[in-house]
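Colleague: Below are the chains, spelled out letter by letter.
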Amino acid sequence: MKIYTDVLTFQSAKKREFINITPQVKLALEKSAFRDGIILVSVTHSNAAIIVSDDEPGLLEDLQAWIEQLAPEREDYKHRGRFESNTGIHLQSLLLHHQVVVPFTEGRLDLGPWQFVLFAELDGQRPKRVVIKAMGE
Amino acid sequence: MKIYTDVLTFQSAKKREFINITPQVKLALEKSAFRDGIILVSVTHSNAAIIVSDDEPGLLEDLQAWIEQLAPEREDYKHRGRFESNTGIHLQSLLLHHQVVVPFTEGRLDLGPWQFVLFAELDGQRPKRVVIKAMGE
Amino acid sequence: MKIYTDVLTFQSAKKREFINITPQVKLALEKSAFRDGIILVSVTHSNAAIIVSDDEPGLLEDLQAWIEQLAPEREDYKHRGRFESNTGIHLQSLLLHHQVVVPFTEGRLDLGPWQFVLFAELDGQRPKRVVIKAMGE
Chain Y
1 MKIYTDVLTF QSAKKREFIN ITPQVKLALE KSAFRDGIIL VSVTHSNAAI
51 IVSDDEPGLL EDLQAWIEQL APEREDYKHR GRFESNTGIH LQSLLLHHQV
101 VVPFTEGRLD LGPWQFVLFA ELDGQRPKRV VIKAMGE
Chain F
1001 MKIYTDVLTF QSAKKREFIN ITPQVKLALE KSAFRDGIIL VSVTHSNAAI
1051 IVSDDEPGLL EDLQAWIEQL APEREDYKHR GRFESNTGIH LQSLLLHHQV
1101 VVPFTEGRLD LGPWQFVLFA ELDGQRPKRV VIKAMGE
Chain U
2001 MKIYTDVLTF QSAKKREFIN ITPQVKLALE KSAFRDGIIL VSVTHSNAAI
2051 IVSDDEPGLL EDLQAWIEQL APEREDYKHR GRFESNTGIH LQSLLLHHQV
2101 VVPFTEGRLD LGPWQFVLFA ELDGQRPKRV VIKAMGE
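Chains as they are written, first to last, in my numbering: chain Y, 1 to 137; chain F, 1001 to 1137; chain U, 2001 to 2137.
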C-alpha cells in the first residue's frame, strides 16, 4: 500500500461559499494511480469545513441558513480569539466538521450520484489550505 | 497492509429506522482476516447516515426526535431537489454524517460496550448502499 | 505501510472538560517513526467526544454552552439507559463525534496553528479510553 498527497489552496472572494472540490479529489486519485483504498480530505483551518453533500444551489442556501441558525454569530460569546471574536464560525465548522474520508474502488470514488465533496468556506477572503491524502494500492 | 471491501444493501420498510449493522461490520472484519487496522463504513446516499451510538430503543427514539427538531422538514426551503424537496433530510444526514472510521486491534473492533455502528435510514423504502472498507494486516 | 497503536486513559476530576491531547497524539506519531500517513483518534465511550478545535478557554466555554443548548439534558427523554438517563450527553457526543482522522506529512500533523486535537469529557469522574492508531510509513 502506498500514500499520495495533494495540497490545495483556496481563496474565496466571498465571506461564505460552498465550493465543489470533487474534481480536485478525483484528480488527486487519478494522479495517485491507486485503484482501491481511502482518501482523506481535511482543511487546516477552524473557520472552514469539508462535507459530502449534494451541491444543488437551493440546498446550499438552505444549508448556509441552517448553520447560521444553529450556530449564530453573536456579540456575547466569551471567546475573544487571538485576532477577532468568531465563535459562531468556529461552531459552524465543528457542526460540519473539517474532514471527510471517502472510500474508492476500481479507481472511482464510492460516492452516490448526489454526493460531492464540498469545501465550505465560512470566513473567506483569506487563503485556506486543504490536504488530500490517498492511501491505497 | 491490505484492503478488504464489502458492499451492503439495505431496504427499510419504514421511512425512518436505525439499524444496528455491527454484526455486518464484524463479519467484514472476520472475512478480511486482518488483525490490526481501521475500517471505514460509508453510505453513498445523502438521505441516510452512519453513526456510532448505543442502540437502546428509547435512546433511538430520542435521537430521531432530536434530529427532526434541529433539522426539521419544512415547506419553505429553497432546495427543490432533482426529484423532491427533502432539505430537512439532507440536513439530518449532515448532522449525523455519512461515515465512521473504527479502529480494530487483535481482530476486534475498538468500540466500547455501548457503542454500535448504526445505519440511520432517514428516507427509506428505497435500496441504500453501504460501503465497508477495511485496511490492515 | 505499517500500523502503530497507543491507548490512553483519562479520568477527569470534573464532569465536563476539554483536554488538549495534541501532545499525546504527537508523541504517538513520534513513537511510530512514520513520516507520512493518517492518524485516527477515537474514544470508546458514548459520553465523550474527540474534536479538532482551537483550545482558547473562552471558546471552550462557548462550545460547552452551545452543545448544552443544542442537546440539553432533560427529564423527559425516553431513554432510561442501562444505568442512568443521559440522553443529552449521548446527543452531545453525536453532535461532536467520537473520532477524528488527522493526516501527517514529513512527520508532522497537518493541522493549522489554531487546530488542536481535544478530548471532550462530557460526563467525567470515570476512566475513559482513547485509541490512537497511526497508519503510514
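Source of the hints: derived by calculation from the structure; they are not laboratory data.
Don't be surprised by glycine CBs; every beta carbon is placed ideally from N, CA and C.
Please note that the accuracy of each hint is not assured.
[To be verified] Examples of chain Y residues toward chain F, derived with CB under 8 Å: (1) Phe-10; (2) Gly-58; (3) Leu-70; (4) Pro-72; (5) Glu-73; (6) Trp-114; (7) Gln-115; (8) Gly-136.
Colleague: Would you mind marking each hint as holding or not holding in the structure?
Modeller: Taking the hints in turn, this is what the structure says about them:
1. Phe-10: violated, 20 Å
2. Gly-58: Since the shortest Cβ distance to chain F is 4 Å, the answer is holds.
3. Leu-70: holds, 7 Å
4. Pro-72: With a minimum Cβ separation of about 14 Å from chain F (threshold 8 Å), the hint on Pro-72 (chain Y) is violated.
5. Glu-73: violated, 18 Å
6. Trp-114: Nearest chain F Cβ about 5 Å off; hint holds.
7. Gln-115: It holds, given that the least Cβ distance between Gln-115 (chain Y) and chain F is near 6 Å, below 8 Å.
8. Gly-136: holds, 7 Å
Going down the numbered hints, you'll see the structure goes against 1, 4, 5, while the others check out.
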